[in-house]
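Asks: Chain A is already provided as a structure; the job is to place chain B on it using the hints.
Number of protein chains: 2
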Amino acid sequence: MRVDFQNWVAAHQLRFEGVLQAFLPRPEISPERLHQAMRYAVLDGGKRVRPLLAFAAGEVAGANSERVDIAAAAVELIHAYSLVHDDMPCMDDDVLRRGKPTCHVEFDEATALLAGDSLQTLAFWLLAEHRLSDDAARQLQMLRLLANATGSFGMAGGQAIDLASVGQALTLPELEYMHIHKTGALIRAAVLLGAYCGSLLDAAQMEKLDHFGKLIGLAFQVVDDVLDCAADTATLGKTAGKDAIHGKPTYVSLLGIQGAREMAKRLHGEALETLAEFDERAGRLRELADFIVLRKF
Amino acid sequence: MRVDFQNWVAAHQLRFEGVLQAFLPRPEISPERLHQAMRYAVLDGGKRVRPLLAFAAGEVAGANSERVDIAAAAVELIHAYSLVHDDMPCMDDDVLRRGKPTCHVEFDEATALLAGDSLQTLAFWLLAEHRLSDDAARQLQMLRLLANATGSFGMAGGQAIDLASVGQALTLPELEYMHIHKTGALIRAAVLLGAYCGSLLDAAQMEKLDHFGKLIGLAFQVVDDVLDCAADTATLGKTAGKDAIHGKPTYVSLLGIQGAREMAKRLHGEALETLAEFDERAGRLRELADFIVLRKF
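Here the protein sequences line up with chains A and B, keeping their order.
The numbers in the first sequence follow the numbering used here, run straight up by one, and end at 297.
The numbers in the second sequence follow the numbering used here, run straight up by one, and end at 594.
With the rest of the complex left out, here is chain A (with noise of 0.2 Å):
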């Protein structure tokens, strides 16, 4: 019998938050203020929504759970490392995280620093470290996608788009290229790298998992943009309001909140569509995305 979705989240968010404890250093090993910060930071909070969609890609290419599991905690790693950084004072200066004060409130600015910087190196780390392929050609072509996605021309690049586009006036296409680089470029990789853990596609297949990551990436932007804008702080677990506040440009301010919507709806669609030949080994990549363009949080 199938397990249904919501039980399939639950075990597997468990599940996982077991496996990037075991991969996390332990905190009274030396440096332990450092240990301490980078468990903070990752441990015991979000929604684990790239982990998730590496686990069902995974799912669909037939995939060793256990190399998935490497390969979802490196992308957690890298997306827990540039929410630390994005909360700094420097950057977005923001205190509330997950429900929880951010990484430098809670322990000191240095520190966070530290330990955002740490946990990239854990992510490359853990994708070198452990075999997540029988062929270790494979694997450090994951490695390459994983630090494609994360630096200058991915999710750090999308990053500074954002930080330059503060009080500008951007089209929608701008927009959107700040949005692929910024949370996009990551959730791709989640995808892609669930499904480099098997060996059941051929490479057309992968080219349709990677648009469906970019459309599904797009759609969660849109969605965290509408979130941030009709619900409340408390629902969220992280300050409400604020991109209105700092004057920066989102699919609302362009679009309307319902305009938004509906661009969400398409994008949901869109990359439905792109699933439409995989069998049922792609149910659970359905559900999230699904998930991902109705959750309230």
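Read the hints as simulated data drawn from the structure, not as lab findings.
Some hints could be false.
[What the hints assert, rightly or not] Chain A residues, not near chain B, derived (Cβ > 10 Å throughout):
no.: 1; residue: Arg33
no.: 2; residue: Gly62
no.: 3; residue: Gln168
no.: 4; residue: Met206
no.: 5; residue: Arg295
[Said to hold, decoys possible] Reference listing, derived: stretches of chain B covered by chain A, where coverage requires no fewer than 3 residues with Cβ under 8 Å from a Cβ of chain A:
no.: 6; segment: 322-332
no.: 7; segment: 412-420
no.: 8; segment: 431-439
no.: 9; segment: 456-467
[Said to hold, decoys possible] Examples of chain B residues lying across from chain A (beta carbon under 7 Å, computed):
no.: 10; residue: His382
no.: 11; residue: Glu403
no.: 12; residue: Glu406
no.: 13; residue: Ala407
no.: 14; residue: Ala425
no.: 15; residue: Ala444
no.: 16; residue: Gly448
no.: 17; residue: Ser449
Glycine included, every Cβ here is placed at the ideal spot set by N, Cα and C.
Replies: Same frame as chain A, but now just chain B:
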């Protein structure tokens, strides 16, 4: 005829500047400001001690010089990222580096944070993108080595211990423990990665090179402490005397300037001893050991 050491250094520094220029994203590619900050932080400055050690170790191991360039660039990018973040207001709050304004002064804090982040990513990308070994599994091992030297059990961990030590009275073993991580780890990685690009050495020889790297890394730091105390800002190209100002424990504060000089001399002798069994191919490594200990800046 053998090129003399000064010319060997100058030629490699010049050639390597071109290598770094080619590996860094072009300044006119989006996001321009981020890419300009990355280039600013890396190019036109520094003695390139770590790359020179990689080149010299590569000579010992009969390595292909184009491969060593990649390994050396990866190490130097990690070093550059650490300087950018270390200089930020929440860490050492320094305004001068390599005779120029520090990255966050020339650009801004947010850009410097992202530039450091992106330089780290680029380092791992380089090691995953280019062929460093005919054996992909060996290349994964090299990635692990760099990640170990960079993260919370290496350089970043040393930095965290350094932060925690300000105003504390450290013992000599504690100070040594800190520096073996903070500066030593990356210097050892430079030597080993250069050697891994070749294939002439057995495990025992690699062990000896690793020990050489450990000793010369410590010697480097002892000399740094002496220079911070004895040289002026114009000669150093960075703020002189700042260790004392910040109440940081140093080899000079623990041993006195004469004691620190003697320690550097002893480490230098021990480092040369570990190279005793190597033939003339280790000539540049021996000369670099001399240079590191006898340098005036």
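Asks: Regarding the assertion that A/Arg33 does not contact chain B, is the least Cβ-Cβ distance greater than 10 Å?
Replies: For A/Arg33, whose nearest Cβ neighbour in chain B is about 7 Å away, the distance does not exceed 10 Å, so it is violated.
Asks: With chain A as the partner, please determine if B/Ala407 meets the hint condition of a C-beta pair closer than 7 Å.
Replies: holds (5 Å)
Asks: At a threshold of 7 Å, is the proposed contact between B/Ser449 and chain A supported by beta-carbon distances?
Replies: holds (4 Å)
Asks: May I ask you to test the interface hint for B/Ala444 with respect to chain A, counting a Cβ-Cβ separation under 7 Å as satisfied?
Replies: holds (4 Å)
Asks: So, B/Gly448 near chain A? Judge it on the closest CB pair being under 7 Å.
Replies: holds (3 Å)
Asks: How does the coverage statement for the segment 322-332 of chain B fare against chain A, requiring three or more residues with Cβ below 8 Å from a Cβ of that chain?
Replies: It holds, with 6 qualifying residues against the three required.
Asks: Please confirm whether A/Gly62 is truly not at the interface, meaning its C-beta sits more than 10 Å away from all C-beta atoms of chain B.
Replies: For A/Gly62, whose nearest Cβ neighbour in chain B is about 23 Å away, the distance exceeds 10 Å, so it holds.
Asks: Examine the segment 412-420 of chain B for residues whose CB is less than 8 Å from any CB of chain A, and state whether their number is three or more.
Replies: With 6 residues close enough to chain A, the hint holds.
Asks: Using the nearest Cβ pair, does B/Ala425 come within less than 7 Å of chain A?
Replies: The hint holds - B/Ala425 has a Cβ within 7 Å of chain A, the shortest such distance being about 4 Å.
Asks: Would you settle whether the hint for B/His382 is holds or violated, based on the nearest Cβ-Cβ distance to chain A being less than 7 Å?
Replies: Holds: closest Cβ of chain A sits about 6 Å from B/His382, inside 7 Å.
Asks: Quick check: the segment 431-439 of chain B, covered by chain A? Criterion 3+ residues, Cβ under 8 Å.
Replies: Our answer is that it holds, as 6 residues pass the Cβ test (under 8 Å) against chain A, meeting three.
Asks: If you take the shortest Cβ to Cβ gap from B/Glu406 to chain A, is it below 7 Å?
Replies: For B/Glu406, the interface hint holds, since the closest Cβ of chain A sits about 4 Å away, which is under 7 Å.
Checked against the numbered hints given earlier, the structure breaks hints 1, 11 and satisfies all the rest.
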